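Asker: This is what each chain is made of:
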Amino acid sequence: MNQAAPAPRENQGDPVVRIDARLKVTGQASYPADIATANVAYGALATSSIARGRVSALHLQDARAVPGVLDIVTYGDMDKTDTPKFGNTGASSIGPLHDKTIFHDGQIIALVVAETFEAAEEAAMLIRADYDDEQPSASFDSKGTSTEAAAGKNPMLKEDAKAGDFDAAWAAAAVKVDERYSTPTQHHNPIELFSTTAMWQGDQLTIHEPSQNVTGWKMELARQLKLDPANVRIISPYIGGAFGSKGPMTARTAIVAVAARRIGRPVRCVVSRMQAFGAQTYRAETRHRIRIGAGKDGRITAFGHEGWEVTSRPDPYVVGGTSATARMYNYGSVLTHVALVHADRNTPGYMRSPPETPYVYALENAMDEMAVALGMDPVEFRRVNEPVKEPIGGRPFSSRSLIKCYDQASEAFGWSKRDPEAGSMRDGDWLVGMGCATAIYPTAAAPCAARVRLTADGEVRVQCGSHEIGTGVRTVAGQMAAERLGVGMEKVSVEMGDSALPPAPVSGGSISTASVCSAVMMACDAVRAKLFAAAAGKDGPLAGSGNAKLDMADGKIVTETGKSAKLADVFKAMQVGAIEEYAEFAPKGSSPEALNKLYAGQPEFHGGESDKDSVKYAFGAEFVEVRINSRTREIRVPRIVGAFAAGRIMNTRTARSQLMGGMIWGIGQALHEATEIDRRAARYVNRDLQDYLVPVNADIKAVDVILVPEVDHEVNPAGVKGLGELGNVGTAAAVASAVYHATGKRIRDLPIRIEHLIV
Amino acid sequence: MSDAKISSGLSRRMFMTASVSAAAAMPLATSPTRAAQPASAKPAQPRDLSAVSMRINKQSYNLALDNRTSLLDALRDHVGLTGTKKGCDHGQCGACTVLVDGKRVLSCLSFAVMNQGREITTVEGLASAGGELHPVQQAFVDHDAFQCGYCTPGQIMSAIGCINEGRAGSEDDIREYMSGNLCRCAAYPNIVAAIVQARDEIRRA
Numbered sequence: 000m001n002q003a004a005p006a007p008r009e010n011q012g013d014p015v016v017r018i019d020a021r022l023k024v025t026g027q028a029s030y031p032a033d034i035a036t037a038n039v040a041y042g043a044l045a046t047s048s049i050a051r052g053r054v055s056a057l058h059l060q061d062a063r064a065v066p067g068v069l070d071i072v073t074y075g076d077m078d079k080t081d082t083p084k085f086g087n088t089g090a091s092s093i094g095p096l097h098d099k100t101i102f103h104d105g106q107i108i109a110l111v112v113a114e115t116f117e118a119a120e121e122a123a124m125l126i127r128a129d130y131d132d133e134q135p136s137a138s139f140d141s142k143g144t145s146t147e148a149a150a151g152k153n154p155m156l157k158e159d160a161k162a163g164d165f166d167a168a169w170a171a172a173a174v175k176v177d178e179r180y181s182t183p184t185q186h187h188n189p190i191e192l193f194s195t196t197a198m199w200q201g202d203q204l205t206i207h208e209p210s211q212n213v214t215g216w217k218m219e220l221a222r223q224l225k226l227d228p229a230n231v232r233i234i235s236p237y238i239g240g241a242f243g244s245k246g247p248m249t250a251r252t253a254i255v256a257v258a259a260r261r262i263g264r265p266v267r268c269v270v271s272r273m274q275a276f277g278a279q280t281y282r283a284e285t286r287h288r289i290r291i292g293a294g295k296d297g298r299i300t301a302f303g304h305e306g307w308e309v310t311s312r313p314d315p316y317v318v319g320g321t322s323a324t325a326r327m328y329n330y331g332s333v334l335t336h337v338a339l340v341h342a343d344r345n346t347p348g349y350m351r352s353p354p355e356t357p358y359v360y361a362l363e364n365a366m367d368e369m370a371v372a373l374g375m376d377p378v379e380f381r382r383v384n385e386p387v388k389e390p391i392g393g394r395p396f397s398s399r400s401l402i403k404c405y406d407q408a409s410e411a412f413g414w415s416k417r418d419p420e421a422g423s424m425r426d427g428d429w430l431v432g433m434g435c436a437t438a439i440y441p442t443a444a445a446p447c448a449a450r451v452r453l454t455a456d457g458e459v460r461v462q463c464g465s466h467e468i469g470t471g472v473r474t475v476a477g478q479m480a481a482e483r484l485g486v487g488m489e490k491v492s493v494e495m496g497d498s499a500l501p502p503a504p505v506s507g508g509s510i511s512t513a514s515v516c517s518a519v520m521m522a523c524d525a526v527r528a529k530l531f532a533a534a535a536g537k538d539g540p541l542a543g544s545g546n547a548k549l550d551m552a553d554g555k556i557v558t559e560t561g562k563s564a565k566l567a568d569v570f571k572a573m574q575v576g577a578i579e580e581y582a583e584f585a586p587k588g589s590s591p592e593a594l595n596k597l598y599a600g601q602p603e604f605h606g607g608e609s610d611k612d613s614v615k616y617a618f619g620a621e622f623v624e625v626r627i628n629s630r631t632r633e634i635r636v637p638r639i640v641g642a643f644a645a646g647r648i649m650n651t652r653t654a655r656s657q658l659m660g661g662m663i664w665g666i667g668q669a670l671h672e673a674t675e676i677d678r679r680a681a682r683y684v685n686r687d688l689q690d691y692l693v694p695v696n697a698d699i700k701a702v703d704v705i706l707v708p709e710v711d712h713e714v715n716p717a718g719v720k721g722l723g724e725l726g727n728v729g730t731a732a733a734v735a736s737a738v739y740h741a742t743g744k745r746i747r748d749l750p751i752r753i754e755h756l757i758v
Numbered sequence: 000m001s002d003a004k005i006s007s008g009l010s011r012r013m014f015m016t017a018s019v020s021a022a023a024a025m026p027l028a029t030s031p032t033r034a035a036q037p038a039s040a041k042p043a044q045p046r047d048l049s050a051v052s053m054r055i056n057k058q059s060y061n062l063a064l065d066n067r068t069s070l071l072d073a074l075r076d077h078v079g080l081t082g083t084k085k086g087c088d089h090g091q092c093g094a095c096t097v098l099v100d101g102k103r104v105l106s107c108l109s110f111a112v113m114n115q116g117r118e119i120t121t122v123e124g125l126a127s128a129g130g131e132l133h134p135v136q137q138a139f140v141d142h143d144a145f146q147c148g149y150c151t152p153g154q155i156m157s158a159i160g161c162i163n164e165g166r167a168g169s170e171d172d173i174r175e176y177m178s179g180n181l182c183r184c185a186a187y188p189n190i191v192a193a194i195v196q197a198r199d200e201i202r203r204a
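Order-wise, the sequence lines are chains A and B. Position 30 (the first sequence) corresponds to 29 in numbering that gives the first Met the number 0; numbering is contiguous. Position 121 (the second sequence) corresponds to 120 in numbering that gives the first Met the number 0; numbering is contiguous.
Some hints here could point you the wrong way.
Per the computed footprint, the stretches of chain B lying under chain A, defined by three or more beta-carbons under 8 angstroms from a beta-carbon of chain A, are [as the list claims (entries may be wrong)]:
hint, stretch
1, 59-71
2, 79-86
3, 118-131
4, 139-151
5, 180-189
Below, computed lysine to aspartate or glutamate pairings styled on EDC-like, alpha-carbon distance capped at 16 angstroms [claimed, not checked]:
hint, chain 1, residue 1, chain 2, residue 2
6, A, Lys388, A, Asp612
7, A, Lys99, A, Asp78
8, B, Lys102, B, Asp76
9, A, Lys700, B, Glu175
10, A, Lys700, B, Asp172
11, A, Lys565, A, Asp456
12, A, Lys587, A, Asp610
13, A, Lys565, A, Asp538
14, A, Lys571, A, Asp456
15, A, Lys700, B, Glu170
16, A, Lys700, B, Asp171
Please keep in mind that the hints were generated in silico from the structure rather than gathered at the bench. Fair warning: this is a prediction, and the values are worked out from it, not measured in the lab. Ideal Cβ positions, reconstructed from N, Cα and C, are used throughout, including at glycine.
Produce the entire structure from the sequences given, and follow the hints as far as they go.
Answerer: The structure is reproduced here in structure tokens:
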């Protein structure tokens with residue numbers, strides 16, 4: 000047993016090795032741009048160099064003259080297709096080749112297709128555009144932005160959460176914190192580049208592209224290209240990191256498909272790292288005003304959270320994390336408001352815990368400030384404000400193990416050794432600081448279908464159109480089948496990442512394990528029911544046993560009394576070679592159209608704060624030690640401890656890895672990541688992995704993940720709460736609080752860098 | 000205002016068009032490929048194909064390649080070994096790391112023509128013919144040293160280089176000498192644990 004494979008505690012599954020581990024360490028796992036494609040031509044994008052205006056002329060002659068150039072797709076060539084739509088499936092309503100209007104820097108102006116990658120790139124570089132350009136508005140405080148209330152503009156935020164009389168409670172509060180916080184633009188930067196490979200056979204279109212939503216994309220691409228969805232297939236067997244960036248389809252997919260149809264050959268377009276900053280979505284920058292009022296006993300009486308978020312001109316993308324922050328503690332009264340600021344930028348999108356990362360950062364940094372103002376221990380302050388019911392709708396939590404998480408993490412961390420006085424702890428040249436914060440993520444599930452086949456030799460095949468983005472969903476789906484059908488993992492194969500498979504929802508919102516495992520469990524139970532009926536039937540090998548007493552283990556059907564029948568004998572009695580079951584899972588509270596919507600690529604989410612009976616969240620507590628060099632102000636994070644409770648843990652290995660990765664993301668958000676913007680030109684400046692800083696190996700030392708046992712039967716049949724996005728919520732606030740503890744300086748704008756600590 | 004501007008995205012390849020002729024003019028080994036030797040009267044052009052021969056995973060390859068083709072693109076698009084990954088094409092992420100004559104090299108920053116006669120090892124060349132994994136590969140499996148798996152081939156090749164260079168003495172050394180390989184899933188602590196295990200196993204062997 001090593002650290003990567005924690006021993007399971009109550010309600011936790013074995014740390015089974017990833018089902019695709021061998022493929023991934025031998026280079027055999029095929030990511031979409033790896034799939035061998037005969038006679039493929041190469042595409043390269045040309046993108047705008049202005050952020051606002053119109054293309055008045057495009058000069059293509061130099062590009063066309065490059066030997067090997069086959070075609071250039073540009074304005075006019077997409078006219079027979081429909082424009083993209085903004086929503087859960089589409090990244091933006093901007094159809095870059097439908098309209099010569101430039102909405103943002105880096106907007107696609109042409110796609111060059113050539114015999115070789117080198118020729119395509121050379122030609123794309125030779126495309127010149129004339130622009131009628133206008134002064135763009137880059138971000139907050141830029142002239143020319145427009146601001147509107149977010150509520151009601153996007154289904155993600157129907158209304159601003161509020162409760163009680165905030166104004167009165169705020170006016171009467173004995174102790175107050177009223178501060179402003181901000182988070183920067185961030186780009187997902189998965190290490191796999193974005194790519195599209197399109198190929199036609201007659202009217203049938205196949206797309207190889209890394210996707211978190213193959214069913215949704217199939218429907219959306221069919222709509223744009225006016226095809227029967229049955230003729231569109233999206234294949235994405237392995238995805239090289241996604242973090243939300245491969246959830247919504249971008250305009251490029253249809254453009255590459257049109258190029259492939261025009262030249263009558265497959266076309267592969269791999270987007271450069273630099274171009275991806277404008278061609279894909281990103282995390283919107285946000286600003287926050289937090290007001291917390293409390294009595295001298297530390298009980299919060301008033302909580303106000305106002306948020307401002309940057310989005311593109313045409314699309315109302317909403318971050319909207321107030322729905323979670325408003326339900327975090329027992330506030331008494333709550334007032335929230337979210338505003339959108341439209342600027343000349345590409346449309347933002349989901350990035351790992353999209354609402355919670357920035358909004359909980361602001362809340363938790365303010366909570367630490369309030370604990371300081373009250374002279375209270377930050378853990379005790381949270382304990383005092385632990386709610387029985389959520390403050391907005393008065394509903395209970397389906398389960399809430401936050402205090403257990405604080406207890407277990409603080410003990411492992413050694414919080415009791417912390418001297419509460421800021422600037423009091425020192426080790427040689429290093430100032431030592433310790434901070435903590437709460438992690439929260441809504442627990443949701445969506446309809447999902449799965450097909451499971453069991454053959455007489457005990458081989459199991461699971462098919463589900465979900466997506467292996469690195470979470471381990473392929474592994475845990477296999478584990479669920481192995482467990483229910485009583486076979487070893489070596490007998491199980493799992494197929495995912497293909498829109499020809501039974502549909503699964505978008506792999507976002509941390510819903511996959513819950514949704515997929517619930518569907519796989521249903522299909523397995525249907526297989527079991529057939530086998531049990533046959534085994535216990537009058538001619539079966541276990542005749543006389545009741546169904547309820549049967550189980551499957553070790554490749555056999557077993558009774559409570561210790562009798563057993565080999566699978567092969569039951570199949571023989573049934574006179575079949577294979578049993579295959581197709582199951583459709585729909586979460587409690589699903590509408591009558593829920594399954595139709597799954598097939599239409601528009602799955603309903605249930606859970607979180609949307610259910611009537613209870614609110615559903617996973618929680619965690621994170622503790623960080625920072626060391627800041629007293630001379631250089633270099634900031635290091637030697638250790639971080641997180642304890643998380645997320646219902647049934649399917650696999651302690653993959654769960655730990657996801658939470659660990661999330662916590663490291665949180666460190667990156669606190670100290671490294673920011674997309675810098677040239678405010679004059681509304682252009683991204685640091686568009687590569689040299690200047691867009693992400694944590695590297697040397698930035699990270701001890702990361703300790705504690706999986707706190709929790710049982711929650713209410714959330715979904717599998718009892719699973721998603722945790723892929725939980726780990727990086729709150730982390731940045733814990734780091735900021737630790738920096739304050741080390742130095743006495745409260746940094747409220749992320750990322751925290753040396754220059755903020757020098758003066 | 001209306002002026003012509005070049006489209007965004009500065010390309011290394013554009014920059015190189017002027018400077019590769021020296022590489023193209025290098026003496027080439029006798030090659031059976033269709034690539035013509037540059038005619039003596041005509042100076043080599045950047046877009047000309049060159050004949051390149053190299054050994055990849057202990058097999059000989061004779062290739063006809065655009066002088067601008069990176070070793071990475073040669074492996075992926077011309078040899079069909081897609082285990083080596085493109086993550087940035089700028090030498091910033093490490094996903095394309097391979098061994099060239101036993102030393103770790105970023106294959107995206109190496110023109111294929113520069114590798115004439117070299118011995119290339121990619122992730123596909125590590126496991127034994129019988130399928131037994133290399134100790135580093137096995138350690139990555141044991142310690143869950145990846146999630147999405149995309150940076151993994153580069154991490155593994157870099158880890159082998161790191162151990163061979165004697166830079167894997169301490170965990171701090173491993174962190175430092177593996178920091179050219181980004182893992183966006185952030186499996187770093189597991190990568191370090193895997194390299195420690197593999198280092199000890201390789202030392203024992």
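Asker: So, for every hint listed, does it hold in this structure?
Answerer: Results of checking the hints against the structure:
With 3 residues having a Cβ less than 8 angstroms from any Cβ of chain A, the stretch 59-71 of chain B passes the three-residue criterion, so the hint holds. With 8 residues having a beta carbon nearer than 8 angstroms to a beta carbon of chain A, the stretch 79-86 of chain B meets the requirement of three or more and the stated coverage holds. With 5 residues carrying a beta carbon less than 8 angstroms from a beta carbon of chain A, the stretch 118-131 of chain B meets the three-residue requirement, and the given coverage holds. Using a Cβ-Cβ cut-off of 8 angstroms, 13 residues of the stretch 139-151 of chain B lie near chain A, which meets the minimum of three, so the contact claim holds.
Counting residues of the stretch 180-189 of chain B whose beta-carbon sits less than 8 angstroms from any beta-carbon of chain A gives 10, enough to reach three: the coverage restraint holds. Taking the CA atoms of Lys388 of chain A and Asp612 of chain A, the gap is about 12 angstroms. The hint holds against a cut of 16 angstroms. Between the alpha carbons of Lys99 of chain A and Asp78 of chain A the distance comes to roughly 12 angstroms, so the proposed pair stays at or under 16 angstroms and holds. Restraint check: the Cα-Cα separation between Lys102 of chain B and Asp76 of chain B comes to about 23 angstroms, which exceeds 16 angstroms; the hinted pair is violated.
For a cut-off of 16 angstroms, the pair hint linking Lys700 of chain A to Glu175 of chain B stands: about 11 angstroms separates their Cα positions. For the suggested pair Lys700 of chain A and Asp172 of chain B, the alpha carbons sit about 12 angstroms apart, so the restraint of at most 16 angstroms is met. Proposed proximity of Lys565 of chain A and Asp456 of chain A is supported: the alpha carbons are some 10 angstroms apart, at most 16 angstroms. The suggested pairing of Lys587 of chain A with Asp610 of chain A holds, with an alpha-carbon distance near 9 angstroms, which does not exceed 16 angstroms.
Proximity of Lys565 of chain A to Asp538 of chain A is assessed by CA-CA distance (about 15 angstroms); at most 16 angstroms being required, the pair is judged to hold. Proximity of Lys571 of chain A to Asp456 of chain A is assessed by CA-CA distance (about 11 angstroms); at most 16 angstroms being required, the pair is judged to hold. Distance check on the hinted pair: Lys700 of chain A and Glu170 of chain B sit about 9 angstroms apart at the alpha-carbon level, within 16 angstroms; holds. In summary, the hint linking Lys700 of chain A to Asp171 of chain B is supported, as the alpha carbons are separated by about 9 angstroms, within the 16 angstroms threshold.
Hint violations for this structure: number 8 only, all remaining hints satisfied.
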